[in-house]
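Below are the chains, spelled out letter by letter.
Protein chains: 2
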Amino acid sequence: MPWDSTFEVAFHPRSVAIVGVSRGPARREPPFGGLTTLCNLQHYGFEGRIYPVNPEAEQICGLKAYPNLKAVPEPLDLVIVAVPAATVPSVLEDCIAAGARNIHVMTSAFSETRFDKGKHLEARIREIAIRGGLRLIGPNCMGLQVPNAKMVTFNDIPLKHGPVAFISQSGGHVHAYLLLGPAHGFGFSKLISYGNGLVMDSPDFLEYLAQDPDTRIICLYLEGVRDGARLARLVKEINQTKPVIVWKAGLTGAGAQAALSHTGSIGGTREVWDAFFKQTGAIRVNSIEEMATMAMTLLYLQPPRGQRVALLGVGGGNSVASGDTCAEAGLEAPALAPESRSKLLGFISIVNQSVTNPLDIPLIASKPKHLQRVLEIVAADPNVDTIIINQLLGVASRERSPSMTEGAEVACRFIEESPYQKPILVATAGASISPQLQQRLLSAGIPVYSSLSGACRALYCLLRHKRFLEEQA
Amino acid sequence: MPWDSTFEVAFHPRSVAIVGVSRGPARREPPFGGLTTLCNLQHYGFEGRIYPVNPEAEQICGLKAYPNLKAVPEPLDLVIVAVPAATVPSVLEDCIAAGARNIHVMTSAFSETRFDKGKHLEARIREIAIRGGLRLIGPNCMGLQVPNAKMVTFNDIPLKHGPVAFISQSGGHVHAYLLLGPAHGFGFSKLISYGNGLVMDSPDFLEYLAQDPDTRIICLYLEGVRDGARLARLVKEINQTKPVIVWKAGLTGAGAQAALSHTGSIGGTREVWDAFFKQTGAIRVNSIEEMATMAMTLLYLQPPRGQRVALLGVGGGNSVASGDTCAEAGLEAPALAPESRSKLLGFISIVNQSVTNPLDIPLIASKPKHLQRVLEIVAADPNVDTIIINQLLGVASRERSPSMTEGAEVACRFIEESPYQKPILVATAGASISPQLQQRLLSAGIPVYSSLSGACRALYCLLRHKRFLEEQA
Numbered sequence: 032m033p034w035d036s037t038f039e040v041a042f043h044p045r046s047v048a049i050v051g052v053s054r055g056p057a058r059r060e061p062p063f064g065g066l067t068t069l070c071n072l073q074h075y076g077f078e079g080r081i082y083p084v085n086p087e088a089e090q091i092c093g094l095k096a097y098p099n100l101k102a103v104p105e106p107l108d109l110v111i112v113a114v115p116a117a118t119v120p121s122v123l124e125d126c127i128a129a130g131a132r133n134i135h136v137m138t139s140a141f142s143e144t145r146f147d148k149g150k151h152l153e154a155r156i157r158e159i160a161i162r163g164g165l166r167l168i169g170p171n172c173m174g175l176q177v178p179n180a181k182m183v184t185f186n187d188i189p190l191k192h193g194p195v196a197f198i199s200q201s202g203g204h205v206h207a208y209l210l211l212g213p214a215h216g217f218g219f220s221k222l223i224s225y226g227n228g229l230v231m232d233s234p235d236f237l238e239y240l241a242q243d244p245d246t247r248i249i250c251l252y253l254e255g256v257r258d259g260a261r262l263a264r265l266v267k268e269i270n271q272t273k274p275v276i277v278w279k280a281g282l283t284g285a286g287a288q289a290a291l292s293h294t295g296s297i298g299g300t301r302e303v304w305d306a307f308f309k310q311t312g313a314i315r316v317n318s319i320e321e322m323a324t325m326a327m328t329l330l331y332l333q334p335p336r337g338q339r340v341a342l343l344g345v346g347g348g349n350s351v352a353s354g355d356t357c358a359e360a361g362l363e364a365p366a367l368a369p370e371s372r373s374k375l376l377g378f379i380s381i382v383n384q385s386v387t388n389p390l391d392i393p394l395i396a397s398k399p400k401h402l403q404r405v406l407e408i409v410a411a412d413p414n415v416d417t418i419i420i421n422q423l424l425g426v427a428s429r430e431r432s433p434s435m436t437e438g439a440e441v442a443c444r445f446i447e448e449s450p451y452q453k454p455i456l457v458a459t460a461g462a463s464i465s466p467q468l469q470q471r472l473l474s475a476g477i478p479v480y481s482s483l484s485g486a487c488r489a490l491y492c493l494l495r496h497k498r499f500l501e502e503q504a
Numbered sequence: 032m033p034w035d036s037t038f039e040v041a042f043h044p045r046s047v048a049i050v051g052v053s054r055g056p057a058r059r060e061p062p063f064g065g066l067t068t069l070c071n072l073q074h075y076g077f078e079g080r081i082y083p084v085n086p087e088a089e090q091i092c093g094l095k096a097y098p099n100l101k102a103v104p105e106p107l108d109l110v111i112v113a114v115p116a117a118t119v120p121s122v123l124e125d126c127i128a129a130g131a132r133n134i135h136v137m138t139s140a141f142s143e144t145r146f147d148k149g150k151h152l153e154a155r156i157r158e159i160a161i162r163g164g165l166r167l168i169g170p171n172c173m174g175l176q177v178p179n180a181k182m183v184t185f186n187d188i189p190l191k192h193g194p195v196a197f198i199s200q201s202g203g204h205v206h207a208y209l210l211l212g213p214a215h216g217f218g219f220s221k222l223i224s225y226g227n228g229l230v231m232d233s234p235d236f237l238e239y240l241a242q243d244p245d246t247r248i249i250c251l252y253l254e255g256v257r258d259g260a261r262l263a264r265l266v267k268e269i270n271q272t273k274p275v276i277v278w279k280a281g282l283t284g285a286g287a288q289a290a291l292s293h294t295g296s297i298g299g300t301r302e303v304w305d306a307f308f309k310q311t312g313a314i315r316v317n318s319i320e321e322m323a324t325m326a327m328t329l330l331y332l333q334p335p336r337g338q339r340v341a342l343l344g345v346g347g348g349n350s351v352a353s354g355d356t357c358a359e360a361g362l363e364a365p366a367l368a369p370e371s372r373s374k375l376l377g378f379i380s381i382v383n384q385s386v387t388n389p390l391d392i393p394l395i396a397s398k399p400k401h402l403q404r405v406l407e408i409v410a411a412d413p414n415v416d417t418i419i420i421n422q423l424l425g426v427a428s429r430e431r432s433p434s435m436t437e438g439a440e441v442a443c444r445f446i447e448e449s450p451y452q453k454p455i456l457v458a459t460a461g462a463s464i465s466p467q468l469q470q471r472l473l474s475a476g477i478p479v480y481s482s483l484s485g486a487c488r489a490l491y492c493l494l495r496h497k498r499f500l501e502e503q504a
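Read top to bottom, the protein sequences are chains G and C.
Counting in the numbering used here, the first sequence runs without a single skipped number right up to 504 at its last residue.
Counting in the numbering used here, the second sequence runs without a single skipped number right up to 504 at its last residue.
Rather than coming from a laboratory, the hints here were simulated on the basis of the structure.
Some clues are possibly wrong.
Here are the simulated PhoX-like pairs of lysine-lysine, each with C-alpha atoms no more than 25 Å apart in a straight line [to be verified]:
no., chain 1, residue 1, chain 2, residue 2
1, G, Lys-374, C, Lys-150
2, C, Lys-267, C, Lys-497
3, C, Lys-148, G, Lys-374
4, C, Lys-374, G, Lys-148
5, G, Lys-181, G, Lys-95
6, G, Lys-273, G, Lys-191
7, C, Lys-191, C, Lys-181
8, C, Lys-95, C, Lys-181
9, G, Lys-309, G, Lys-267
10, G, Lys-150, C, Lys-374
11, G, Lys-374, G, Lys-400
12, G, Lys-497, G, Lys-273
One chain only, chain G, in its complex shape (with noise of 0.2 Å):
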């Protein structure tokens, strides 16, 4: 995997030429294009140099405006391409004569049209993008986001840098994620929307983030894949210093007619991907806010020694449910130690709760002093691994004493404490909860998930990255 550093500059650049820029207004403008392009790297303070091409235009937005690229009085780092399709292919041939190599094919109406005209000119880009060495990116995408290097090809949307990485063919859910990052206490490295991935596919974006310092996890949202064996191959390689999560949609019949319709992607079998996903360890996520969750685990919970789980919730119908629910994720909620019962008899009353596990114990928790005792015992108990806080702190602040604050601080202080190093996770059952409590809790360790569910998936899977390591190692 050599670094190639003119691939590089595409991603901080110090020139990019936008083609295809309408004098406006921009307001008129649907959210993606040359002009919204141009508006969103000067909104957001891009530091490099850039080129509106217009052969009409003076000016646009205070630059001058070159007639074609050629015109352009310096070597071109990046070119956002967003010409109708039908003049995409000259100006890809002005991009071989102007020596530039990065270009993001913004344009749709290709192959995923399922026309012929589409896919005939899909043809023509991709043999003008091989001929002239071009890294073509898309076509048909929203091309690279890098918050540090504030380059944004999107409206509305907070720029936050972070060790994640998304590689994704669709740009509705890089914006999608672009919100949940944040929301879920991390930032982003690069985003990068492909598309119809027609020249630079997966594979060649995973060998530049493998190499990328700022990039500690990879995730990636696939419709399809040119050369499947060496997309299998670099996950596996890659998965063992950083960690990759991946979405692979469009296994079923109405999927897969969408995804050729959305990127003209062949999607391939489930058993071709479930076979992929046990040989490369990667970490199967099936939606964008489960990519979200999956990344806050990893970058914030340390991972346990085992999958035995006590439960600690309110609610004797809700206990019987978190336990199903723990079960289907594929952990276990054993029965506590003797000792740790009879620890909890002597200050838990068991009208109306249980000290079984999962623990049943609306009434402790308007008590900050006994949910710590609570976390003592548990996490003394040899019998578990992992503690989850099922709705308490939620009730906890319906009932107003203590505060929801208050409980996450018991938590907090007693996983900063504690010498058990066993991991804590927080379910809120949908209760909000405030981002600055959120943050409090993750800088302890302490993610914090909206379902019980989703809290059990991510140590499950969490738990299965870290078998993969131990057999890898």
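Given chain G's structure and the hints, the job is docking chain C onto it.
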């Protein structure tokens, strides 16, 4: 199934005694117990006569207190027992002596503690109840909630009358359902929290509700059942006139342990319950939220002819995911007929959109007339039985023109005037929808779901139930 008027009165009692009412103050009480129940009955405007029983009080909450049940001056339609566990046997003897037959034992700390003491006490109260012919509900439960009769044992809940009944071993789930019902556009005939099911068990309540003219849909939360064959026989029979929705929890190791500690229930194996659902045609759900979603669907959605769905959505990546979601729920999203496709291409650009099913049509969301034309074309398509509008209304709202309200109004008028009898479902992907708008959609027969997977699963279950009815006919 004889209609028993002496049980019927328990749901509309003219006279209720509450045994075990402390003198207060009420704000120091736990959220359940005798005094809280008394306060709730008064607060909600219960119209029957209430007799607090406490040998040490003259008056409680403005009502004359009685030293024991025999001192109460009239026959009792219902007795609520909230004394400590050890005192329950003698109170039951008093019930027999006073001629009361409908008894709700709220008290817990019986077999669900898993200690011998509780088990013996429970065996004793069972013996007394059977000898005295008591219809004992409980122990360890919240008893009867009847909005129409202002019969309530919970604090702080909405009381909405309606056609849905709920029989539940968990009081917590009854509480949750009281909140979820109105949020899903329905109210309740009766809700029965029956805890350990020691004497009166789920089949007894089912027999009653089968005859209850106020009840059209019966929901059931089970941890275990004493006579499984009787339950199956009843569910199969009742399900032919009143749909029966069942959540059977505690089917995993950890869930079953929790069930034993919650209601002392022994739950049976997954195989046994799989067979139960197959035989009875009961609608299976796995959470209280799913139960509410299913009840809403049965109440509002006209069952379509078959399982072929047209998905109208937003975003290429989302369209792939929605195709997968639909297929995984057991539905089909077939290709549209060629004539539909060419009609759609007459006014929908395929640049960044797609008219393949699932349709990806973000740009039409801001044009109500276009949405209406899409609905007309898709509803006329011979390959389509049902239409799901996924996220489009939410997007319209974000883009402001037209508001979510206008898009919803288009859908409502279309379904009200359309000759095709092809139902519409709306999935919002978590976007909030006002109660007014939801009510408008529901009254047009368009249920609203917070997720596409919820919508697909509910539609699939509705179709299965329809087939069950056809097979039985």
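Status of the hints after comparison with the structure:
1. Only pairs whose Cα atoms come within 25 Å are accepted, and G/Lys-374 paired with C/Lys-150 is accepted, the gap being roughly 22 Å.
2. Between the alpha carbons of C/Lys-267 and C/Lys-497 the distance comes to roughly 14 Å, so the proposed pair stays at or under 25 Å and holds.
3. Of the supplied pair hints, the one linking C/Lys-148 and G/Lys-374 holds, its CA atoms being roughly 19 Å apart against a limit of 25 Å.
4. Of the supplied pair hints, the one linking C/Lys-374 and G/Lys-148 holds, its CA atoms being roughly 19 Å apart against a limit of 25 Å.
5. In summary, the hint linking G/Lys-181 to G/Lys-95 is supported, as the alpha carbons are separated by about 21 Å, within the 25 Å threshold.
6. For a cut-off of 25 Å, the pair hint linking G/Lys-273 to G/Lys-191 stands: about 20 Å separates their Cα positions.
7. In summary, the hint linking C/Lys-191 to C/Lys-181 is supported, as the alpha carbons are separated by about 10 Å, within the 25 Å threshold.
8. Taking the CA atoms of C/Lys-95 and C/Lys-181, the gap is about 21 Å. The hint holds against a cut of 25 Å.
9. Only pairs whose Cα atoms come within 25 Å are accepted, and G/Lys-309 paired with G/Lys-267 is accepted, the gap being roughly 10 Å.
10. A hinted pair counts as satisfied when its Cα atoms are at most 25 Å apart, and G/Lys-150 with C/Lys-374 qualifies at roughly 22 Å.
11. Under the criterion of a C-alpha separation no larger than 25 Å, the hint pairing G/Lys-374 with G/Lys-400 is consistent with the structure, at around 15 Å.
12. Distance check on the hinted pair: G/Lys-497 and G/Lys-273 sit about 12 Å apart at the alpha-carbon level, within 25 Å; holds.
Going through the hint list in order, the structure satisfies each hint without exception.
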